[in-house]
Amino acid sequence: MKQLLDFIPLIIFFVLYKMQDIYVATGALIAATAVQIIITYLMFKKVEKMQVITFLMVAIFGGMTIFLHDDNFIKWKVTLVYLIFAIGLTVSHVIGKSAIKGMLGKEITLPELIWARVTWAWVAFFLVCAGLNIYVAFSLPLDVWVNFKVFGLLAATLGFTLITGVYIYQHMAKEDAEAKSSE
Numbered sequence: 007m008k009q010l011l012d013f014i015p016l017i018i019f020f021v022l023y024k025m026q027d028i029y030v031a032t033g034a035l036i037a038a039t040a041v042q043i044i045i046t047y048l049m050f051k052k053v054e055k056m057q058v059i060t061f062l063m064v065a066i067f068g069g070m071t072i073f074l075h076d077d078n079f080i081k082w083k084v085t086l087v088y089l090i091f092a093i094g095l096t097v098s099h100v101i102g103k104s105a106i107k108g109m110l111g112k113e114i115t116l117p118e119l120i121w122a123r124v125t126w127a128w129v130a131f132f133l134v135c136a137g138l139n140i141y142v143a144f145s146l147p148l149d150v151w152v153n154f155k156v157f158g159l160l161a162a163t164l165g166f167t168l169i170t171g172v173y174i175y176q177h178m179a180k181e182d183a184e185a186k187s188s189e
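For the sequence shown, the residue numbers in our numbering are 7 to 189.
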């Protein structure tokens, strides 16, 4: 349910962009993201830092897009969010408090090396997405960028999440097999 809730603002943005324009879609994105955070809090009594950062970036860059009537700001928002996530993962890992391990470590037991590899893989993924967004946003037409933002980055994120899950599962299975063979 929570994952579906995360996609609603993106869907609203896409539909309104196709029906109206980037400015109406951006305003709706800001409102929908705010509502998403409120609903998330009411349902789960918790809002993740990632959601708050995303909302702040949407509100700031979306607001500048609308008020200055310049779609470049909303395009930069995507890149900056990915860069913030990459920096956040890097810093959390370097100070010994891996954010990914913090999110998943309660349910999954893995060696530190595997947590590190997963963290660095996500850092690389976010950096690649940030770079791709810059290229698509500023080299191709707005329609192409909107489709890339909504479908390309979403598909890439879902695909990379799946790959990460398979990688983690492989290492969980090895640990479980080793534990059973030693019994």
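Among the hints, erroneous ones may be present.
Quick list of in silico lysine-lysine cross-link-like pairs, DSS-like style, CA-CA up to 30 Å [as the list claims (entries may be wrong)]:
| hint | residue 1 | residue 2 |
| --- | --- | --- |
| 1 | K112 | K52 |
| 2 | K112 | K55 |
| 3 | K103 | K55 |
| 4 | K103 | K52 |
| 5 | K107 | K24 |
| 6 | K24 | K103 |
| 7 | K112 | K24 |
| 8 | K107 | K55 |
| 9 | K51 | K107 |
Hints were generated in silico from the structure; no laboratory data involved. Remember, it's a predicted structure, so these values are computed and weren't measured experimentally.
Structure-based check of each hint:
no. : hint         : verdict
1   : K112 <-> K52 : holds, 17 Å
2   : K112 <-> K55 : holds, 18 Å
3   : K103 <-> K55 : holds, 15 Å
4   : K103 <-> K52 : holds, 20 Å
5   : K107 <-> K24 : violated, 39 Å
6   : K24 <-> K103 : violated, 42 Å
7   : K112 <-> K24 : violated, 42 Å
8   : K107 <-> K55 : holds, 15 Å
9   : K51 <-> K107 : holds, 22 Å
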